[in-house]
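Visitor: Spelled out, the chains give:
Protein chains: 2
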Amino acid sequence: MQFHVLFCLAVMVLAVNANRQPGQFSDDSYSALGNEIPLLGDTSPGSVWPKPQMQTSSPMVYEVAVQKFVFTYASTSHKCDLTEEAFKRYEMLIYNTASQLKLQFRPRAVPSLTTLTVNLMSACEEYPSLHMNESYSLEIGDSALLTAPSVWGVLRGLETFSQLMWQTDTNQVLMNKTSILDFPRYAHRGILLDSSRHYLPMEAILHNLEAMAYNKINVFHWHIVDDQSFPFVSRTYPDLSGKGAYNPSTHIYTPENVAEIIEFGRLRGIRVVPEFDTPGHSQSWGKGQSGLLTPCYSNGKPDGTFGPIDPTVNSTYTFVEGLFTEVKSVFHDQYIHLGGDEVSFNCWKSNPDITKWMALQNITGDYATLESVYIQQILDISASVGYSYIVWQEVIDNGVKVKNDTVVEVWINNKPDEELAKVTAKGYRALLAAPWYLDYISTGEDWQKYYLYEPSNFNGTDAQKQLLMGGEACLWGEYVDGTNVTPRLWPRASAVAERLWSAEDVNDVEEATPRLNQHRCRMIRRGIPAEPLRPGYCTHEWKNI
Amino acid sequence: MQFHVLFCLAVMVLAVNANRQPGQFSDDSYSALGNEIPLLGDTSPGSVWPKPQMQTSSPMVYEVAVQKFVFTYASTSHKCDLTEEAFKRYEMLIYNTASQLKLQFRPRAVPSLTTLTVNLMSACEEYPSLHMNESYSLEIGDSALLTAPSVWGVLRGLETFSQLMWQTDTNQVLMNKTSILDFPRYAHRGILLDSSRHYLPMEAILHNLEAMAYNKINVFHWHIVDDQSFPFVSRTYPDLSGKGAYNPSTHIYTPENVAEIIEFGRLRGIRVVPEFDTPGHSQSWGKGQSGLLTPCYSNGKPDGTFGPIDPTVNSTYTFVEGLFTEVKSVFHDQYIHLGGDEVSFNCWKSNPDITKWMALQNITGDYATLESVYIQQILDISASVGYSYIVWQEVIDNGVKVKNDTVVEVWINNKPDEELAKVTAKGYRALLAAPWYLDYISTGEDWQKYYLYEPSNFNGTDAQKQLLMGGEACLWGEYVDGTNVTPRLWPRASAVAERLWSAEDVNDVEEATPRLNQHRCRMIRRGIPAEPLRPGYCTHEWKNI
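Residue numbers (this note's numbering), protein chains in the order written: chain F, 1 to 545; chain L, 1 to 545.
Do not take every clue at face value.
[What the hints assert, rightly or not] Using 35 angstroms as the maximum straight-line C-alpha spacing, the simulated DSBU-like pairs for lysine-lysine come out as follows:
{"#": "1", "chain 1": "F", "residue 1": "Lys-543", "chain 2": "F", "residue 2": "Lys-177"}
{"#": "2", "chain 1": "L", "residue 1": "Lys-543", "chain 2": "F", "residue 2": "Lys-51"}
{"#": "3", "chain 1": "F", "residue 1": "Lys-287", "chain 2": "L", "residue 2": "Lys-401"}
These aren't lab readings, by the way, just hints derived from the structure by calculation.
Predicted, not measured: the structure shown is a model, and the values here were computed from it.
The whole structure should be built from the sequences, with the hints applied where relevant.
Guide: Take a look at the structure:
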């Protein structure tokens, strides 16, 4: 599926001696003493994160005419609204880079770049998908050309192009002569944010979508509801947020909000995959939908608490079908995440109606099968409304019979490699999340641990390896809201982004460290408060609060 | 020293049933259904953090006339610039609270409060100090009166007053009839920020000073320089920042910056105590002051690296005297922190000149004594320029002879209670930092651990206990800069703030949790992005980036 033209330029990667203290960083501003221009190398200015599949660079530089830089179509190019919106964004980004700077004196003259010509080789597409083609090639020389077989590759290539710019310490904006051929290693590179444990204001979600685009992340896995709150406003069942949101007028996502998020993601080639996790993790659902959750019993009486969704009554399935029909009409992606994790059987066990029903079905005492009965129907409903689906690993672990095209997300951090081997041996496609639970925090450089986890390191045939579609960095919301979500996510999630985009052998922490630091400082320049890796500094520090 | 008039009002603390899910929070906005007004209780709206020493409240409420609320002096009151600046700040804060809200309909009429009368009982003072009196009393009734023996108590009382306000869910701003008598348990309640591992922009420091005032923290321990960088601009030795700062023009604190920080703190009753840590932790000093650091030897030759400050040459002491004379003229506090921690002897051992000097002094091989020789002289210099001083515990652990009025800060988290017993048994005053190293992070509610550490729990006489002056929460800068310093500090440091201000028996995590959450939400309303404690929400979420 990927774009495999090979460039055969000589590799001229030269080491830079930036004369820094060990363990300390500066970022993208380099001393250009006299006529010396820093040579490109793995820690060179204008390096790209995540690292392209193939890149050759030369010490020859061009000055980027930041005040008047424009993107244009090649004469043979297809045209597309997505591309044109991206042109505007990146022209603004390049211009803003410049407007913050004052060129202190004019260094030696170098050829100027005023245009990037874009050749989109196929017709415009509307929504990003699992199967989108994100490959592109980029040639920076006396002219600059970005070629991509699809609009998604144009988006990725524009991001790379913007990262190639760097500033001298007199604020001249330069770009080295460069050839890049690039494509992602994995098709699904996601970030999970959780808007139930804490409500995430629209501003926080949109800013992080922007940051995802800066890291070539292509899936926003939106864990939108859970036990704690139900902020999704359903037109069909307005009581779900009316009674289940933290606040039914301020802590919600209206249909307009959801549409804005999807459109914001679409423009950046980011899929928005919602998760409606059942039958557990659904306490907040029960507030606005009576009869949905299982009443728990103590001492032979309902004790006022509730358990998972009641799988034994028809009304449950009528409700889910109604909800999912609406969800499918609101979220454009082919996939829905159906959850299915961490279902406790205690409440089901306490409830005499459940017990009676199970006896009638001849499954007395077999709660795993009870869960399977539920999941099976939910999968069928999802398929009937037109969805493909992703589930957490327990669904498979518990032996639920699922459709062949089910995607299984591995999250339990106990030998996830064995789980991947098991899931793919059964022929299911898989996503890996277990090593990348960013809500777990610890002192120090945990990004290295995320960076070094090799997803393909599991026992299996080549065919099994092909079933691993990618992975996700998960920032669950127990301890995260608008106050800290962005610095907690970045640049830690950037480590995962490179692991999933770049080649398998791009796994040298020492090489990656200064490049990641440069990328963090670049994010700061662009308005994303990415936290520091270790002692050091950025030329332009974060000064907002 | 404290203000001990006892109020003998009946305690009418009544529990509030706020009908919340376990483990979840709302904050300061309460449903006032019909004529019911929420009753004050430990989790009531308008509760105060840190908790006052004595507080009685009644269900009777007053409406705060937020649009026109003013502070006035009692006829007998002394006047003071600090007080008047604080009046302006808190009038603005009260007004801003209101301007964000729209009163949705007028609930039942209650008496209105338009003024707080302030009675400052003694003459104005200029700078906060270790011995300042921070006690105050506050009476909210048909009239409202704040009485304090010193201006510092007025500042603390105004903060408390501002926290007593709360909003109904129709946005009426109320305050319960209340009597408070309050004073701090410990005189030194500090926060350490580190501007060397990462430069902290002025905006970040000033915002956090504001947050300190909201938590009645009264010392900003400014770990201003260290190995990594020297951002303090010295007029006497400009090369220190000129060569030792990350960037000599953007990553520095000019004399004007320092003066602004001190003044900002002064207006809020916060001392600014700078730390110039030697003889270790001084790599950055060496860049701008040649001959200061010890050259390290390998294979009989200087290897180009440097160790701690060279204690064997006179030029060292001339330099330090010059620097400290300037520091004393810039920082107004009586105290300087001299560091003295983590001195490695390896480089001293490698250097033949040091070896020769030690032989001449008859201390061959005794590097602890070499360190003592240095520290002794630094202490003498500090005293000669007029400073009292604080040192890290190693100075005492290593047997350095120090003056009787030395303050010893206990930081090593290995039986800090035994260290406190030892230090105070020798008659030194002590500060406790060990349990409160906030740069160590972990998943979950670590604030509880900080909250529950009882500083006075060490073996010692009452006289020894009296020598414990307080403590500090330390947020070292390895992984912290402007992007994340504020949410990482708050509300975790608030737990320490209450431990050090409130009575010893205020140590019930269950009682504190909703009150701390309310305080976090209050900080967010005031522009401080304090991170969440656990799942829940604030009425007004943080929406900035």
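Visitor: If a hint holds in the structure, say so; if it doesn't, say that too.
Guide: Hint check:
1. F:Lys-543 x F:Lys-177: holds, 33 angstroms
2. L:Lys-543 x F:Lys-51: holds, 32 angstroms
3. F:Lys-287 x L:Lys-401: Given that 35 angstroms is the threshold and the Cα spacing comes to 68 angstroms, the pair is violated.
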